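Each chain is listed here by its residues.
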Amino acid sequence: AQSVTQLDSQVPVFEEAPVELRCNYSSSVSVYLFWYVQYPNQGLQLLLKYLSGSTLVESINGFEAEFNKSQTSFHLRKPSVHISDTAEYFCAVSDHTGTASKLTFGTGTRLQVTL
Amino acid sequence: SAVISQKPSRDICQRGTSLTIQCQVDSQVTMMFWYRQQPGQSLTLIATANQGSEATYESGFVIDKFPISRPNLTFSTLTVSNMSPEDSSIYLCSVRTESPEAFFGQGTRLTVV
Numbered sequence: 001a002q003s004v005t006q007l008d009s010q011v012p013v014f015e016e017a018p019v020e021l022r023c024n025y026s027s028s029v030s031v032y033l034f035w036y037v038q039y040p041n042q043g044l045q046l047l048l049k050y051l052s053g054s055t056l057v058e059s060i061n062g063f064e065a066e067f068n069k070s071q072t073s074f075h076l077r078k079p080s081v082h083i084s085d086t087a088e089y090f091c092a093v094s095d096h097t098g099t100a101s102k103l104t105f106g107t108g109t110r111l112q113v114t115l
Numbered sequence: 001s002a003v004i005s006q007k008p009s010r011d012i013c014q015r016g017t018s019l020t021i022q023c024q025v026d027s028q029v030t031m032m033f034w035y036r037q038q039p040g041q042s043l044t045l046i047a048t049a050n051q052g053s054e055a056t057y058e059s060g061f062v063i064d065k066f067p068i069s070r071p072n073l074t075f076s077t078l079t080v081s082n083m084s085p086e087d088s089s090i091y092l093c094s095v096r097t098e099s100p101e102a103f104f105g106q107g108t109r110l111t112v113v
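If you read the sequences in order, they're chains H and F. In case it helps, this note's numbering puts the first sequence at residues 1 to 115. In case it helps, this note's numbering puts the second sequence at residues 1 to 113.
Simulated from the structure, these hints should not be mistaken for laboratory data. One or more hints might be untrue.
[To be verified] Across the chosen pairs, the derived CB separations fall in these ranges:
#, chain 1, residue 1, chain 2, residue 2, range
1, F, S27, H, R110, 28 to 36 Å
2, H, F14, F, D64, 46 to 54 Å
3, F, E54, H, G53, 34 to 42 Å
4, H, I60, F, R10, 44 to 52 Å
All of these numbers come straight from a predicted model, not from anything done at the bench. Idealized CB from N, CA, C, for every residue including glycine.
Based on the sequences and whatever the hints tell you, model everything.
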């Protein structure tokens, strides 16, 4: 079984400042890692994913995350945030058992960007 | 990828009644998943629905309370039965295709009064 820990429930940050949302996972097997974003009153959208290969993955809107196996972490970063990045961010993990494998979510981090 | 449509998007229901949520996918998928997101909380998996067989429920969820149908490879329903205010949540349908990531519907926001 896997578990995900998002230590920060809320992260307030000013616009154009950098941000890091932390995610640590626990698993006895190899995993896939994901970040999902949930904007107010919307469903979940995939932000980025780590499946294999390069440990640094990037999204189209400037976010990046780095898979660190030794630290069992998958922290999400953005060098300069915008007001529109205000949302709930969920880290998730699954094993490699195919389409039947379950996603385990962290408790979420609310990113609040202000002027 | 997959595009998922959920209906209704929101509803306000009286306690003791039932609500059926529909989930339609634009492609055939083997597994469909139903999640609950209680206010201010993360997602909790309710059950996994495989076409042609009974759904598999997670600990704490039972078929009598959350019956699920999966009549074909593109459609599923979740019923929330005998509702109480504690059932007020967002209910999300999810699928996985050949790629490992999951795709989600927009969710159904349920308020029980």
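Task: Hints violated by the structure (numbers, ascending) - done: 4
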